[in-house]
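**Q** These are the residues of each chain, in order.
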Amino acid sequence: MDTLNYLGQGFGVALTPYNLVTALTGTLIGTVVGLLPGLGPINGVALLIPIAFALGLPPESALILLAAVYLGCEYGGRISSILLNIPGEASTVMTTLDGYPMARQGLAGVALSLSAWSSFIGAFIATCGMVLFAPLLAKWAIAFGPAEYFVLMVFAIVCLGGMAGDRPLKTFVAALIGLFLSSVGIDANSGVYRFTGDNVHLADGIQFVVLVLGLFSISEIFLLLEKTHRGQEAVKATGRMMFNFKEAASVFVVNIRCGLLGFIMGVLPGAGATLASAVAYMTEKRLAGASGTFGQGDKRGLAAPETAIGGAACGALVPMLTLGVPGSGTTAVMIGALSLYNITPGPLLFQQQPDIVWGLIASLFVANVMLVILNIPMIRLFTRILSVPNWALVPVIAIITAIGVYAVHATTFDLFLMIGIGIFGYILRKLDFPLSPLLLGFILGGLMEQNLRRALSISNGALEILWSSPITFGVWVLTAIMLLVPLLRIWRKRSVQRRALADV
Amino acid sequence: MILQRIFALALLLACAALAVMAWPYQAAFSYEPVGPRAYPLLILLLMGLALLYMLFRPAPIVHSDEDPELDRATLNKIGACVVLLLVFAGLFEPLGFILSSMLIGIPMARLYGGRWLPGALIISLMSVGLYVLFDRIMDVPLPLGLLDVLEN
Chain Y
1 MDTLNYLGQG FGVALTPYNL VTALTGTLIG TVVGLLPGLG PINGVALLIP IAFALGLPPE
61 SALILLAAVY LGCEYGGRIS SILLNIPGEA STVMTTLDGY PMARQGLAGV ALSLSAWSSF
121 IGAFIATCGM VLFAPLLAKW AIAFGPAEYF VLMVFAIVCL GGMAGDRPLK TFVAALIGLF
181 LSSVGIDANS GVYRFTGDNV HLADGIQFVV LVLGLFSISE IFLLLEKTHR GQEAVKATGR
241 MMFNFKEAAS VFVVNIRCGL LGFIMGVLPG AGATLASAVA YMTEKRLAGA SGTFGQGDKR
301 GLAAPETAIG GAACGALVPM LTLGVPGSGT TAVMIGALSL YNITPGPLLF QQQPDIVWGL
361 IASLFVANVM LVILNIPMIR LFTRILSVPN WALVPVIAII TAIGVYAVHA TTFDLFLMIG
421 IGIFGYILRK LDFPLSPLLL GFILGGLMEQ NLRRALSISN GALEILWSSP ITFGVWVLTA
481 IMLLVPLLRI WRKRSVQRRA LADV
Chain V
1 MILQRIFALA LLLACAALAV MAWPYQAAFS YEPVGPRAYP LLILLLMGLA LLYMLFRPAP
61 IVHSDEDPEL DRATLNKIGA CVVLLLVFAG LFEPLGFILS SMLIGIPMAR LYGGRWLPGA
121 LIISLMSVGL YVLFDRIMDV PLPLGLLDVL EN
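These protein sequences, in sequence, are chains Y and V. To convert, note that position 230 of the first sequence is 230 in the working numbering; the numbers rise steadily by one, no gaps. To convert, note that position 139 of the second sequence is 139 in the working numbering; the numbers rise steadily by one, no gaps.
FYI, nobody ran anything at the bench for these hints, they're computed from the structure. Please note that the accuracy of each hint is not assured.
Heads up, simulated EDC-like pairs for lysine to aspartate or glutamate below, C-alpha to C-alpha not over 20 Å straight-line [what the hints assert, rightly or not]:
(1) Lys227(Y) x Asp71(V)
(2) Lys139(Y) x Asp2(Y)
(3) Lys77(V) x Glu226(Y)
(4) Lys430(Y) x Asp71(V)
Construct the entire structure; sequences and hints are all you get.
**A** Right, dumping it as structure tokens:
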């Protein structure tokens, strides 16, 4: 009953006119950002952090704004997938498979509204799951000491590699680069300056807004330069905009199944929306069997990934809020935002600042409802935004990015650092390194080192503390399993190849 | 493949250099068993091992239709873009936000295939608009630079 009580209190926070306007603004900004090529939830949230700070928003409103932008971006990303066949970000690749064929058949409006509805159901299921499980997890996590946290973070990093599929080694290297970058700056425990090269501007470390915007916005600007010659016509959204009851009912079971799946995948560190949408699509395709027309505009093929994305996006907030360990790039950025406000997410947050936690959860419900209502009448406007040409868009993105970076410290050193990081990020991208593990490593790095040192201080330097408690031991076992997954996958692939060779 | 090897080697050398840099990091006095040196060294060691593996067994990069091979023209464009951004960062404070963003925004619009006149029009409007929006309405301080004289 406590939970319902708190949830009511949370709605009290979320439904104040001020926070409602904040959520509405956030969803609108988020949808537009998600819609534009080259900007995803990570950039959107990162750009808004200094602005939210400058506006002097109270912490709960800032968090509501960021969460609304996050959900809005996930919504916006689908529009370009369906109308242009260009996924706005990795997670919406699966949406293009059946969404674009539907649009070609003259069902663009139906596809958009149906995917909005699916995503709403997914997010709704996940938010309910969050209400049920987050307090339990938080209560359990209070027993965590520094050693447990350290091991948990190792697990989160290893999970990223294990889940990443075909390039585990590159994922590890990216995460390690992030972990290393977090150690630049003055060491809080001993006062030693590390890797600053006597530069004053590096003394308090690399600002994470600078890192995020460099890695994601600046490198994206370079990537867009490669694609200037290609023009793409958007499919016109004409005719019926709204899906009808029959269509909704035909995918309802899919929605429920994929919503649950998305939530579970979202909670797992490292899995996230991309993997959730892929697994959901594949599962539904297999379940439909011969009766499906997957790939040619099957409604289930559209609903499955969208529901899973909605579920995973909300599910990813669970480990962030309860453990303080982010599971995805975007939630890592949100952790960074919280630390600007001097809020440390984790189990204690549920006890000490229930207003913030429950206000956020309640505002997720509110933002989801807003998005569904907004999306349907505004589809025409959004499709017009899609036709903004790159030459007008990219310089503005560059300028806004510079404003965001300058807003943090008001030094041009940060601008140069951002460009440097951007070039590095571009090279990493060209060499097929994933970038969000780097970001996650950067956010986790500081916490990881602190917890490791604290744990070893408790044990007076004895390493046993890192695996002696049942929780740490269990997490180590899970970590070992996650390490074996990519090896197993490679081994299986090789044996299949060998069999194929033997058959010839 | 070869690019990846070069990259792995460069990063490996950087790791080694950083490890040398980290070696003297020692707290003058300390109450804790782990000093400021251990953690960065551990990370650098792990990264070094991974990079060594990558140096000898680089993973093939799969090219999709999405990203075409880099050609000379694209590389030149990217170089130009980097230069523009560096100029932007350098002139941000001396020239002020509005002038510097016009100065680099217009050639940048050109770089992305826009024509001079519409590019100049949109970027000029956006520069002034963004200045008003951020500096005046949202309280994010931006430098005025040369335009300072207009203020008074």
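**Q** For every hint, state whether the structure bears it out.
**A** Hint check results:
no.: 1; hint: Lys227(Y) x Asp71(V); result: holds (12 Å)
no.: 2; hint: Lys139(Y) x Asp2(Y); result: holds (13 Å)
no.: 3; hint: Lys77(V) x Glu226(Y); result: holds (9 Å)
no.: 4; hint: Lys430(Y) x Asp71(V); result: holds (13 Å)
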